[in-house]
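Position chain B relative to chain A; hints supplied.
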Amino acid sequence: MDESYDVVVIGAGFGGPVAARKCALAGLKTLLLERSARPGEKVISGLTIPFYGFLFGPDFIRDGNPPIERPVDGIVNYIVKDIERGDIEVDDSLRIPRPLSPVLAFGYNAYCRPFCQWEADRAVEAGVELRTSVTVTELYREDSRVAGVITEDGKVIKARAVIDAEGSQALLAVKAGVRKKYPPDVISLADVYDYRMDKDRVDRILGFSNRFVWAWDEQRLAPPLGFGNGLMVWPYRESIHFMQDQCLKMERGGKAPNLARLFREYHRNITSKLPWWRDEIAPHAELRAHMWDSFEIYVGLDGELRKMPMCANGLLIIGDAAGLESTELCDGVPAAWFSAELAAETAIEAIFGGDVSERKLRKYQMRVESHPLIRWSISGTNRYDLRYAQKSHDIRLLRKCVHNGWGVGAFTHASTPLLLTALRAIQENPMVITSWLRMFPRYFRNWLFESFDPLSDDRPEVFRCDAYKAPKSTPGESTAAGGVPEHSSVVTEALAGPGTGGSAGVETLGTEEPSSVVATPGDPLKEARESRSFSSNEVINDAPLRGWETQTGSQISGGTLLRMAQKGLACLDGLVFMLGPALSGTAKLMEPLARLANPVATAALPVVEVILKGWRRMEPLLEPITERITRLLVESR
Amino acid sequence: MERSTGGVVWWGETGEFIQVNNTHCDGCGDCLRVCLGGCFALREGKAVVINLESCMECAACWYACEKGAVLYGLPKGGTGFATEYG
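Taken in sequence, the protein lines are chains A and B. With my numbering as the guide, the letters of the first sequence map in order to residues 1 to 637. With my numbering as the guide, the letters of the second sequence map in order to residues 638 to 723.
To be clear, the hints were calculated from the coordinates, so they are not data collected in a lab. Just so it is clear, the structure is predicted and the values come from calculations on it, not from any experiment. Cβ coordinates follow ideal geometry from the N, Cα and C atoms, glycine included. Incorrect hints may have been included.
Unchecked claim - Label pairs and their calculated CB-CB ranges: (1) Asp302/A to Glu650/B: 31 to 41 Å; (2) Ile625/A to Glu650/B: 55 to 65 Å; (3) Val608/A to Glu650/B: 54 to 64 Å; (4) Lys29/A to Glu650/B: 26 to 36 Å; (5) Leu572/A to Glu650/B: 56 to 66 Å; (6) Lys704/B to Asp394/A: 32 to 42 Å; (7) Lys704/B to Ser357/A: 31 to 41 Å; (8) Gly664/B to Phe352/A: 46 to 56 Å.
One chain only, chain A, in its complex shape:
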């Protein structure tokens, strides 16, 4: 007898659990399938989730405590004109100034593994059945309808609707003929390095800003980059993340460059030539992981590829699998969240309406295509200009592109979609306003105390122990990469050896029971939560302060101010509640005006920049206020 569910979601990455949770909350019997042993452990990204992902994304993330690594207040762009002479320009116009900065953030850096696990935990809490270590090999069809999935052991799991969140390769959708394999010129390969570094040092050197580096091709510093890309450095809590990426081929049918050699050369150059990396980071950073993954960055820019269907009879495709990677910011998570919610809504409507045909599900594609932020993020053409600037050595154009893409100029093209999405959210539920306001200080405080929700499946011993072996060399073979990369390790033999001590994580991953790791709703999570002390108030008060906020030393008692702020928020809650219908109405009326936001932002940009520059000058003077705000948040329990 085949198993049967209302909805089967394939893939517990960023989008899958969101869709699954929504379906389960609507009362549908939902199964979430994941091919790795623990959610998120095969997800690779240098990850900043921008603020709009959190604000307009799923409410359980906005109102929850996901494990974030660091709030990000902006981007510092380095335009390298001549590395040998140290001729480097800096554009840090996109940065929230102090004292707003660490609390108000443009985004949050996170590791994928814990974040996906956290999302999957929330899905399980909502009643989703999560099955890990299960690879789906094919979509199961009845006539022309997708009616379930077939797993690797040949078992059929039937479903009334399948939500496909398998990631950028979309193998299942390609196999089923719904989508086509992407050509190599729209695919970028990201080479990611993770370095461990002391938190104090990360605070001091990188602070809360991501760093992007742009350079001419012949400096061999940042990869020549398909359509113009750079090199990115993200500060995390106690580590930094480094990513360089390049298109697999510059044109269809062309020859692929030797990426292994290129990446190695660029990485060597950047770490030994770029002054701040060479002097301040290289001596103190310890490489702990080297990873790579491909992502479908330019799909949105190709009309043919963008038009590929995101749904079929009984099937909805979300996130990266639907080609929703942001061409502008290389960030697919917000689009994955938005599309996951839209897919879940459509699936719920269709299932309760008793019709899951393609005709009904096509509504999902229309919703995705009309979502202002998704549309904006997959159709940014700034990278073409950037590539042209790099090819033609046009420094003015490069400056402009960097400023408009990753500087404050981004608001000249982002403000309309942002405003539209905000207005639509307010129309739906005006109370979201206070939820937005609460999110930033809560995330910041949680970051400060590391008081995130505990994960049901914490890091297994194997990731901490010394059971790693040097990679096997492959003698006698002429490989392009020149053997196995330096930093990979093979743990299969080590697992069998006595060194690992038979930790729990290893047991679960054993090969005897490949599909038996089933998380039941409730118990393990509850236990984990009760065993962790973060949720109790006394402990938070006693928690030692970490990093830069301990050095302030001043004993500001902000109780009164804070109580006032909290009362203010409570008043605002009441006010928003009373004004709810009026706010909704206003948002609706303002919607046509939102189209003007881009030109207005463009016109106001020079003024804004002058104001921001003045504010930056004042920042040292404002430092005591920053300290005070931090104190307030610290004492706010």
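Below, chain B alone, put in the same frame as chain A:
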């Protein structure tokens, strides 16, 4: 200084999830060049998979091969690479 402490692990019997179809392969070597794991080699003018123990399942080989000679699947559930720091 840089030192690897191995934040990436590979485990289990993955099965041969990447294969090369010899009739389609013309030995252009694109798969070799884009593979950062060094999983491919050329033998008698044809690409062969020599090692999947450093494969990060990025599918770059699959994308790069426009002749459709690289057959890409997924490793068995719970096997293949895993990382905490992705």
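Right, here's what the structure says about each hint:
1. Asp302/A to Glu650/B: 31 to 41 Å: 38 Å, holds
2. Ile625/A to Glu650/B: 55 to 65 Å: At roughly 59 Å between Cβ atoms, glutamate 650/B and isoleucine 625/A fall inside 55 to 65 Å, so the hint holds.
3. Val608/A to Glu650/B: 54 to 64 Å: 58 Å, holds
4. Lys29/A to Glu650/B: 26 to 36 Å: 32 Å, holds
5. Leu572/A to Glu650/B: 56 to 66 Å: Distance hint for leucine 572/A, glutamate 650/B holds at roughly 58 Å.
6. Lys704/B to Asp394/A: 32 to 42 Å: Once the Cβ atoms are compared, 37 Å apart, the range 32 to 42 Å for aspartate 394/A and lysine 704/B holds.
7. Lys704/B to Ser357/A: 31 to 41 Å: 37 Å, holds
8. Gly664/B to Phe352/A: 46 to 56 Å: 55 Å, holds
Of the hints listed earlier, there is not a single one the structure fails to meet.
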